[in-house]
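Let's have the full structure, built from the sequences with the hints guiding it.
Spelled out from the first residue to the last, the chains are:
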Amino acid sequence: MSDLRDTMVIARREFTERVQSRWFIAITLLGPIGMVALVIIPSLLIGNPAGSKIEIIDRTCPAGAPCPALHDRKGVLAAPLSEALAAAQWKPAIIAADTPDQIEMDRIRDKQINGFVTIPEDALGGGHIVYRGDNGSSQVVHATLRGITTRIVQTERGRRAQISPDQLEAIIQPIEVESQQTNGKTEAASGQASFFLGYALAYILFLVITVYAVAVMRSVVQEKTSRVMELMVATVKPRSLMAGKIVGVGGAGLIQVAVWLTIGALTLAYRAQLLGMFGISGGGPDLPSLTVGVVVVALAFFVLGYFFYASMYAAVGAMVSSEQDTQQVQMPIMILLIIGIVSVTAVSGDPRGFTSAVVTTVPFWSALLMPMRFLLGGATTVDVVVSLAVLAVSTAGVAWAAAKIYRVGVLMYGKRPDPRELLRWLRY
Amino acid sequence: MTSHALVVRGLVKKFGNHVAVDDISFEVPRGVVYGILGPNGAGKSTTLRMINDIFAPDAGEIVVLDGFRPGSEAAARIGYLPEERGLYPKMKVGDMVEFIAELRGLGRSEARRRTAVWLERLGLTQWTKNKVQDLSKGMQQKVQFATALIHEPELVILDEPWSGLDPINAEVLRDAVDEIRASGRTVLFSTHQMEQAEKLVDHVCIIARGKKLLDGKLKDIQRREAAEGLVSLGFSDAAARATAEVVLGDRSLVSGSRPPTAGRDDGATDREVKLADGATAQRLLAALVTAGVQLRRFEVVVPSLHQIFVDRVGSSAAVAERRPEAS
Chain A
40 MSDLRDTMVI ARREFTERVQ SRWFIAITLL GPIGMVALVI IPSLLIGNPA
90 GSKIEIIDRT CPAGAPCPAL HDRKGVLAAP LSEALAAAQW KPAIIAADTP
140 DQIEMDRIRD KQINGFVTIP EDALGGGHIV YRGDNGSSQV VHATLRGITT
190 RIVQTERGRR AQISPDQLEA IIQPIEVESQ QTNGKTEAAS GQASFFLGYA
240 LAYILFLVIT VYAVAVMRSV VQEKTSRVME LMVATVKPRS LMAGKIVGVG
290 GAGLIQVAVW LTIGALTLAY RAQLLGMFGI SGGGPDLPSL TVGVVVVALA
340 FFVLGYFFYA SMYAAVGAMV SSEQDTQQVQ MPIMILLIIG IVSVTAVSGD
390 PRGFTSAVVT TVPFWSALLM PMRFLLGGAT TVDVVVSLAV LAVSTAGVAW
440 AAAKIYRVGV LMYGKRPDPR ELLRWLRY
Chain B
31 MTSHALVVRG LVKKFGNHVA VDDISFEVPR GVVYGILGPN GAGKSTTLRM
81 INDIFAPDAG EIVVLDGFRP GSEAAARIGY LPEERGLYPK MKVGDMVEFI
131 AELRGLGRSE ARRRTAVWLE RLGLTQWTKN KVQDLSKGMQ QKVQFATALI
181 HEPELVILDE PWSGLDPINA EVLRDAVDEI RASGRTVLFS THQMEQAEKL
231 VDHVCIIARG KKLLDGKLKD IQRREAAEGL VSLGFSDAAA RATAEVVLGD
281 RSLVSGSRPP TAGRDDGATD REVKLADGAT AQRLLAALVT AGVQLRRFEV
331 VVPSLHQIFV DRVGSSAAVA ERRPEAS
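As you go down the protein sequences, you meet chains A and B in turn.
Here my numbering runs 39 ahead of the position in the first sequence, where the first position is 1.
Here my numbering runs 30 ahead of the position in the second sequence, where the first position is 1.
Source of the hints: derived by calculation from the structure; they are not laboratory data.
Some hints here could point you the wrong way.
What the hints assert, rightly or not - Listed next, the in silico BS3-like pairs over lysine-lysine satisfying Cα-Cα at most 30 Å (straight line):
1. B:K44 with B:K247
2. B:K304 with B:K229
3. A:K276 with B:K44
4. B:K44 with A:K443
5. A:K130 with A:K113
6. B:K120 with B:K44
7. A:K130 with A:K150
8. B:K161 with A:K276
9. A:K276 with B:K241
10. A:K443 with B:K120
11. A:K276 with B:K159
12. B:K159 with B:K122
13. B:K249 with A:K276
14. A:K443 with A:K276
15. B:K247 with B:K229
16. B:K249 with B:K159
17. A:K276 with B:K120
18. B:K122 with B:K167
19. A:K276 with B:K122
Stated by the list, open to error - Which bits of chain B does chain A cover? Going by a derived footprint, with three or more residues having C-beta under 8 Å, they are:
20. 72 to 84
21. 222 to 232
22. 330 to 336
Claimed, not checked - Just some of the chain B residues that point at chain A, by a computed CB distance under 7 Å:
23. G97
24. F98
25. A105
Where is the CB? At the ideal position from N, CA and C, for every residue including glycine.
Dropping the structure here:
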């Protein structure tokens, strides 16, 4: 009983020390701001091209008649284009077909216009229509121009082929092909967006597990370097010390992940309103929502995965006597984590495949990858439960071994134990 | 049947091939100040660590306060100043003391109350909210001391308490130890500084190279050593000393003589003699008077702890062997 009390007292110390630090507060709050920014900034970057001042140079020839010289020429596309752009709140103007490009470039430089469209003589036969302007990199400007110009060129082509506007409409009606991500049970969501979210989830778990497990190791090493260790192990069992440390540091991590996931879920759920606040309508890119189920699964895997790796890192901390020494000893664990994060592609590529099933069940990687696989619909609830069970049992084993190493290691200064010695510690 | 603060029987601890503690037994009665004395590397800290459940002994048994094995129940009743001084550098002074108090079994509010009292006593109140790392070494020592005493333990264990203390703080420490003794509690400390120890201890245990050399009440030991016979003689002049040579040469009375160890008077007129087996100071005095030796001083020497220590430990063991690292 008193062991548990000691553990909680130690956990409270570790927890408060972390939660009170300015860094913790800053990162916990800035993280979500970053996530919100991730949703808003792309929409903002797209910008609003309404009000763009552009001029149109149209060099096309009228149908059936000999083509007049350039300075007399009046293109067939300029008028409908100007009309359509004006309807989209742009400010178009038609200028002479023989206007040299240089004059227009100067006008852009002098900020008199945003840009100009050059329609070549062979535009109806496939010639490139070029827009040059200070907003030329904008996807929306491009999309708007492309949409309007396509329609106008098609209409003119239809007119020359003597196809009625209605017939033309019927012919060019777009054919939509859509791919959706589903496991046959949940409602399908946009495939691409799910991948994005799955990646984000895997990376956040990787990041937070690594950061907090390493924090446990550093905390152990600092107890050794500040020599407070002897006082601590005289006062409490090393087991309680290790457990308290892991629980306390993990508590801080759990709060951070919970805050992030909650804000992430809220951001996704209310993104239309959120974007509206920034004057963007339409809800921005199509993203799926984080369901409660996914959040719960992610938190469960975070907790177990964290305990799994934190125990290992605690043992590493106990094995070395200075922070520099940790570099080499933690390498094998780091490699395990990196294999996990590299396998993200394997899981996202084929969430229902054999490789996915393996890497999301092996305890080294399940914590990083299973939430993603679950999100992508590759895993059933049974898969999740089995994977959690495997992870829980392995975590218990790792914690047991770590406690043994910790018990012997905490008062070791100087030389690092070799593997044979470590085995002896386990039997101690 | 007296009750004991600590009973140690047949304690053995090996590190690899090195035997750090070799079959050590001793008993610490309640309410005394008990000193474990020995040169560096004698096994003092290893012994204290086993009592504090930091190391598990390879053999032997430890009973704390008549019935506790080293472990968490005993820990609530023990205060410990480790040889490796160390606190959490980034913790506030008040929080640090309170934290250890809670781990030693006090409730949170009680821990807070006593922390305030102790910091006040040690003159650290104004530093309560400062981080440990912002304090001077001496003040950190005081905080460390507070962590050992905050829960008013029945047994206070101090490992090399004087190391790194300035004379003023050494005085504060001695006062605190006196106070603990006056309240009927027990202090067990280790040191190799005999002068400090002599001012405080009731009982001692001298160990060297992991083995116990002797233990018991300091007074008894001193009496025994005195009975074994060291007499300090002061002759009135060099002639008187010459006259005495006959008596001092009597091997049934005196086994050896030498000039005084401490630089008291000069060697010309003073002698320290060791009585032969079976001889008494009384007989020596009678012989000297009979021989007509003019004496200025005749003193049965009560050996200082330092002397006993040097005599027993000897110069050979005083040089510590390779100090074993914990493993």
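Tested hints:
For the hint pairing B:K44 with B:K247, the CA-to-CA distance comes to about 29 Å; that is within 30 Å, so the pair holds. Restraint check for B:K304 and B:K229: the C-alpha separation of about 26 Å stays at or below 30 Å, so the hint holds. At most 30 Å may separate the alpha-carbon atoms for a hinted pair to count; A:K276 and B:K44 meet this at roughly 21 Å. Proximity of B:K44 to A:K443 is assessed by CA-CA distance (about 19 Å); at most 30 Å being required, the pair is judged to hold.
For the hint pairing A:K130 with A:K113, the CA-to-CA distance comes to about 20 Å; that is within 30 Å, so the pair holds. For the given pair, B:K120 sits about 36 Å from B:K44 by alpha-carbon distance, which is inconsistent with the 30 Å threshold. The straight-line distance between the Cα atoms of A:K130 and A:K150 is roughly 14 Å, inside the 30 Å bound, and the hint therefore holds. A threshold of 30 Å between alpha carbons decides the hint, and for B:K161 with A:K276 the separation of about 26 Å falls inside it, so the pair holds.
Taking the CA atoms of A:K276 and B:K241, the gap is about 29 Å. The hint holds against a cut of 30 Å. In summary, the hint linking A:K443 to B:K120 is supported, as the alpha carbons are separated by about 28 Å, within the 30 Å threshold. For the hint linking A:K276 to B:K159, the alpha-carbon distance of about 28 Å falls within 30 Å, and the restraint holds. A hinted pair counts as satisfied when its Cα atoms are at most 30 Å apart, and B:K159 with B:K122 qualifies at roughly 5 Å.
Only pairs whose Cα atoms come within 30 Å are accepted, and B:K249 paired with A:K276 is rejected, the gap being roughly 39 Å. Between A:K443 and A:K276 the alpha-carbon distance is near 12 Å, which keeps this suggested pair within the 30 Å criterion. Proximity of B:K247 to B:K229 is assessed by CA-CA distance (about 14 Å); at most 30 Å being required, the pair is judged to hold. For the given pair, B:K249 sits about 46 Å from B:K159 by alpha-carbon distance, which is inconsistent with the 30 Å threshold.
Only pairs whose Cα atoms come within 30 Å are accepted, and A:K276 paired with B:K120 is accepted, the gap being roughly 23 Å. Proposed proximity of B:K122 and B:K167 is supported: the alpha carbons are some 15 Å apart, at most 30 Å. Distance check on the hinted pair: A:K276 and B:K122 sit about 24 Å apart at the alpha-carbon level, within 30 Å; holds. Only when three residues or more bring their CB closer than 8 Å to a CB of chain A does the claim for the region 72 to 84 of chain B stand; here the count is 4, and the claim holds.
Counting residues of the region 222 to 232 of chain B whose CB falls under 8 Å from any CB of chain A gives 0; the rule of at least 3 is not met. Restraint check on the region 330 to 336 of chain B versus chain A: 0 residues with Cβ-Cβ distances below 8 Å, three needed, restraint violated. Given the 7 Å rule on beta carbons, the hint for B:G97 is violated: about 17 Å separates it from the nearest Cβ of chain A. With 7 Å as the threshold, the beta carbon of B:F98 stays out of range of chain A, its nearest partner Cβ sitting at about 13 Å, so the hint is violated.
Residue-level restraint check for B:A105 holds (minimum Cβ-Cβ distance to chain A is 6 Å; threshold 7 Å).
Checked against the numbered hints above, the structure breaks hints 6, 13, 16, 21, 22, 23 and 24 and satisfies the rest.
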